[in-house]
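A.B. asks: I would like the entire structure built from these sequences, with the hints used as guidance.
Every number in our numbering is 13 more than the matching position in the sequence shown, counting from 1.
There's no promise every hint is true.
Unchecked claim - DSS-like cross-link-like pairs, simulated, lysine-lysine; straight-line CA separation at most 30 Å: (1) K178 - K220; (2) K178 - K193; (3) K193 - K220; (4) K193 - K180; (5) K180 - K220; (6) K220 - K86.
Simulated from the structure, these hints should not be mistaken for laboratory data.
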Amino acid sequence: MKNYFLPLFHVLALLGLALLLPISPAMAAGETGGTLRVAVSRSLAPPFVLWRDNQPVGGIDVDIARAVATQLKTTAEFLVLPRLRVEAALSSGEADMACNLSPLSTPRNEALPLGPALFEVQELLAGHESASMADSLEQLPAGTVVGTLQGQAYAPLETLFTSGKLKRDDALDDERMLRKLVLNRHPYGISNRQSLGWFAAEDGGDKIASWRLPVGSRAYRCTLSPRGRFEARQLLAALEQLQTSGRVDAIVASLTAPPLAVVVSNRSTLRQVSRSALTELFLGQRSRLADGSAPEPVMAGGQERNQFMAAVLKRDAAQFRAAWAAQQFGGRRRPPTELASAEAVKSHLQRHVEAIGFLPLSLVDSSLRIVYLP
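C.D. replies: So, in structure tokens, the structure goes:
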């Protein structure tokens, strides 16, 4: 009969060897039930992070982190840090991941692993209702003060800041910067589309003009730790799975307005328009705006049409048709011109200075002017 029992000294030798072998971060996390440690910058504002008692309780960044943790069969633990400390926490392994890191004025030397681009974050210049509308940054008067975030770099404006043509007024987060804009502490401010939309909807942006000037965009990514509990390849796989499954898009859509802009030709005299005026214009309840202009509405079908109706008109397709059926009785007015695609709408707006329509924000360029953004 074969002896299947090892001598005692062999068992002790094997145990000693096992203790000397390195344990991978992933193994350690799995054996100890370790949580996914996610660094969250204090500079982040809704809808990216929703705060309660100075702790993150929801928002795009938090929901994405929790979804990644679920993929890894663990839970997420959030470490709230000043923006300037986040990279250091990732470098040391204090944190495993951080999402939505804005570019710093003085970036760190160490290049940290990055996850895939999940969506675009558009940066926009907004103005107080009393500030002059600008079609370009160069139109801002010399010495103009612009609300910015502490430590954040703004590539399109760095030359203007360095030369002194524009001056920064730093705030700790987007929400504080926008509150200062409402109080006219500075006539202009730079924020992202998502935070501007949230602020206007939740806090009432009636003191902020409805026009917007695009100044750039950056990819939303998660930054990974090379020394964390979880291997970078695990986090990358989890993020890619969330993106391909449509989970990221669903999270973003649940917390933000659609990326649509109401635009006119940059040759138009129209500078801005309120949501209520747009609703009346597109429903045929008025033909002229307060400034005396009579813009001609144009629209395309498809997903953007439904998004526009829901976000701006606050109606569905059936209600829109019913409203126009009443307006057309007796041939009083004609409904908005309908074109085949968003590209066709863009071309029409470029050629017709009197037209007004909506487009995906990604299609807006310097030939058009944003007069309203949901």
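A.B. asks: With reference to the structure, classify each hint as holding or not holding.
C.D. replies: Status of the hints after comparison with the structure:
1. K178 - K220: holds (25 Å)
2. K178 - K193: Distance ~21 Å between K178 and K193 Cα, so the pair holds.
3. K193 - K220: holds (11 Å)
4. K193 - K180: holds (15 Å)
5. K180 - K220: holds (22 Å)
6. K220 - K86: violated (46 Å)
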